[in-house]
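Visitor: Same order as they appear, the protein sequences are chains S and H. Here my numbering is used: the first sequence runs in plain steps of one and ends on residue 299. Here my numbering is used: the second sequence runs in plain steps of one and ends on residue 1346.
Incorrect hints may appear among the rest.
As the list claims (entries may be wrong) - Short, incomplete list of chain S residues facing chain H, as computed with Cβ under 10 angstroms:
1) GLY156
2) LEU157
3) GLU159
4) SER163
5) ARG192
6) SER255
To be verified - Just the calculated beta-carbon pair ranges, DEER-fashion:
7) ASP1088/H / ALA141/S: 32 to 40 angstroms
8) LEU209/S / THR1296/H: 51 to 59 angstroms
9) ASP1088/H / SER124/S: 19 to 27 angstroms
10) TRP122/S / PRO1111/H: 43 to 51 angstroms
11) LEU209/S / ASP1088/H: 15 to 23 angstroms
12) ALA275/S / GLY1167/H: 48 to 56 angstroms
13) LEU1188/H / LEU138/S: 54 to 62 angstroms
14) LEU1188/H / LEU209/S: 27 to 35 angstroms
15) SER124/S / THR1291/H: 30 to 38 angstroms
16) ARG1116/H / TRP122/S: 28 to 36 angstroms
17) TRP122/S / ASN1314/H: 51 to 59 angstroms
Keep in mind the hints are simulated off the structure, nothing from the lab. Glycine included, C-beta positions come from ideal geometry on N, C-alpha and C.
Here is how the chains run, residue by residue.
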Amino acid sequence: MPSEVTPIPSLRSAPPPPRGSVSSGNPVGTARHGPRAGWGLKLAALGGLLFLHIPLAIIVLYAFSIEEKSFVFPIPGFTTKWFAVAFEREDIRAALGLSIRVAAVSTAMALLLGTLAAAAVWRSRFFGREAISLLLILPIALPGIITGIALRSAIGLAEIEFSYWTIVLGHATFCIVVVYNNVLARFRRTNRALIEASMDLGADGFQTLRYVVLPSIATALLAGGMLAFALSFDEVIVTTFTAGQQSTLPIWMLSELIRPRQRPVTNVVAVFVIAVTFIPIVTAFYLTRDTHDVAGSSK
Amino acid sequence: MNATGAPAVAFDRVSRTFGEVRAVDDVSFRVEDGEFFSMLGPSGSGKTTCLRLIAGFEQPSSGHIQVHGVNVGGVPPYRRDVNTVFQDYALFPHMNVGENVEYGLMIRKVPKAERRRQAEEMLAMVKLDGLYARRPGQLSGGQRQRVALARALINRPRVLLLDEPLGALDLKLRETMQAEIKAIQRHLGITFVYVTHDQGEALAMSDRLAVFNQGRIEQIGAPAEVYDHPASVFVAGFVGQTNLLDGYLAQRIGGFPATFSIRPERIRVAGEEGGFGFDIASIHGRIAAITYLGATSRLNVQVDGGELIVVEPNVDGGVAPPDRVVGAEVRLTIDRKHIQAVTDAS
Chain S
1 MPSEVTPIPS
11 LRSAPPPPRG
21 SVSSGNPVGT
31 ARHGPRAGWG
41 LKLAALGGLL
51 FLHIPLAIIV
61 LYAFSIEEKS
71 FVFPIPGFTT
81 KWFAVAFERE
91 DIRAALGLSI
101 RVAAVSTAMA
111 LLLGTLAAAA
121 VWRSRFFGRE
131 AISLLLILPI
141 ALPGIITGIA
151 LRSAIGLAEI
161 EFSYWTIVLG
171 HATFCIVVVY
181 NNVLARFRRT
191 NRALIEASMD
201 LGADGFQTLR
211 YVVLPSIATA
221 LLAGGMLAFA
231 LSFDEVIVTT
241 FTAGQQSTLP
251 IWMLSELIRP
261 RQRPVTNVVA
271 VFVIAVTFIP
281 IVTAFYLTRD
291 THDVAGSSK
Chain H
1001 MNATGAPAVA
1011 FDRVSRTFGE
1021 VRAVDDVSFR
1031 VEDGEFFSML
1041 GPSGSGKTTC
1051 LRLIAGFEQP
1061 SSGHIQVHGV
1071 NVGGVPPYRR
1081 DVNTVFQDYA
1091 LFPHMNVGEN
1101 VEYGLMIRKV
1111 PKAERRRQAE
1121 EMLAMVKLDG
1131 LYARRPGQLS
1141 GGQRQRVALA
1151 RALINRPRVL
1161 LLDEPLGALD
1171 LKLRETMQAE
1181 IKAIQRHLGI
1191 TFVYVTHDQG
1201 EALAMSDRLA
1211 VFNQGRIEQI
1221 GAPAEVYDHP
1231 ASVFVAGFVG
1241 QTNLLDGYLA
1251 QRIGGFPATF
1261 SIRPERIRVA
1271 GEEGGFGFDI
1281 ASIHGRIAAI
1291 TYLGATSRLN
1301 VQVDGGELIV
1311 VEPNVDGGVA
1321 PPDRVVGAEV
1331 RLTIDRKHIQ
1341 AVTDAS
């Protein structure tokens, strides 16, 4: 699961197609993309894409249905009233607000602690360095349910009241990992001599951090931060174990599925989340396009 | 604090150990103000560690280092009046060429317009006029090298440290850059401390050079002094090519049992008539191989008790004397002043 950052292989180095190949229709296009795929492969690719995206389309579709108790196809009628209903409901606003606050604070903590941990592991050799590296990655490598139970019993033993802060704590454990991984991967490709060069030219530690280190890892911080935010925003398992009475947006959605009334409201919220997450993903894609990094990679 | 007449850099019994390894082992030397001083040696000989000790990236395990008369023990790199040109240039990839060069001035809060003016001036000095707005990634190796030089020199350091600055360049460019770096040093009149493993480079550029081996200095001196009078077997072998004689052949040519170094170009292929005298050693041999090297040719001559390498300039018109063929019997003569006894210290 660690989001190891890999360079994108250059398309320009792809060899030109062999002379006299069947696909001589567009010489420029074929030169850049190599021999064309057969129709079987294309069909499979299309099938895969549809499988991934049709459910999304269905979610969007039912946000406009007039039927509120069950999902019937085709939808019996078209309405936009659920948007108004969703906007009025206090529980949605509370859940959305809580999710955003949790994600923002966990991400901020992860950016700070993850970067510091990555810097320590990169810059110095110390006893237990490999162990710390492993322990940091553990919360995301272990099943969420283990992390969740562990946190719940630990918080319970410490007699801390389950609250907003216990959710943040739970989320920060795995948010740190993605920031740590992204930043460490960047550090490893950064020339250590840059820091010495900066010091040599008269910059003290803080100036070097500000003018050399942070600019070098800026896009890695952006990518890691956005991934952390996204992970926190839709986290269910760990949240279930660490939350008190509060419900974050994913928890609210789960509970809403059981209720018989106003079903399309859930879909409206889903549409809203899709729309909102689309913006940072596209932004990150454009911002990191010139650098040789993949913005998010995996979880 | 700047005592006049104090050496630019002075090492007083400096050691630097990394665990069990003595990277620099009880080294003392002085670099005079305005001197071009080279530290020459194979990799792992301690020369780069010495440079890093001067820059402040390393602290000595024992001993004292003075820069212009001031003890620099515990002084961090950013408070030292020295600047470094790094081996792999270490240009800041997120800044353009001009911002790289201006970095030291920006840190010292020099106004923007003045920074720009000085950067353009420095870029002109290293012949990179008009490349202010380029990114380091768009430059060739030689150009990056010049940017690194300009970035270090804009701070007007009293000592400039250069860590194998030409190591990554091809031969032709290296020779051009050698001449330019030397010219810049003469123009600015500041002290250059130059680390290299290339003995030709050290001989060509330095006022004086120190030959490092296994954390110690084997010899310090002017290039001609080190080349003509190597102090040890190691120096004789590392700086230039040499014939090292010991055992029977040493006794036979040198006249007493010791180790001798004879530079290949000091040996003459003489006719049977010339080159006799009290101060001339002579020996007969047979040419075992001839290697044509352009300006010179190298002869491997089999003599009683070993082999001697002889380098002689190629004759005008390319017509070699008739006895320069493999298998020919020749008589070699060596002026005794070129037969150097060397100690086998290492």
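Visitor: Could you run down the list of hints and mark each one as holding or not?
Guide: We went through each hint and held it up to the structure:
1. GLY156: violated, 47 angstroms
2. LEU157: violated, 43 angstroms
3. GLU159: violated, 47 angstroms
4. SER163: Violated: closest Cβ of chain H sits about 41 angstroms from SER163/S, beyond 10 angstroms.
5. ARG192: OK, holds: ARG192/S within 10 angstroms of chain H, min 9 angstroms.
6. SER255: violated, 47 angstroms
7. ASP1088/H / ALA141/S: 32 to 40 angstroms: holds, 35 angstroms
8. LEU209/S / THR1296/H: 51 to 59 angstroms: holds, 55 angstroms
9. ASP1088/H / SER124/S: 19 to 27 angstroms: holds, 21 angstroms
10. TRP122/S / PRO1111/H: 43 to 51 angstroms: violated, 36 angstroms
11. LEU209/S / ASP1088/H: 15 to 23 angstroms: The hinted range 15 to 23 angstroms holds for LEU209/S and ASP1088/H, with Cβ atoms some 22 angstroms apart.
12. ALA275/S / GLY1167/H: 48 to 56 angstroms: holds, 55 angstroms
13. LEU1188/H / LEU138/S: 54 to 62 angstroms: This hint holds: roughly 56 angstroms between Cβ atoms.
14. LEU1188/H / LEU209/S: 27 to 35 angstroms: Given range 27 to 35 angstroms: holds, Cβ gap about 32 angstroms.
15. SER124/S / THR1291/H: 30 to 38 angstroms: 51 angstroms Cβ-Cβ, so the 30 to 38 angstroms window is violated.
16. ARG1116/H / TRP122/S: 28 to 36 angstroms: Given about 34 angstroms between the Cβ atoms, the range holds.
17. TRP122/S / ASN1314/H: 51 to 59 angstroms: holds, 55 angstroms
Hint compliance for this structure: hints 1, 2, 3, 4, 6, 10, 15 are not met, and every other hint is.
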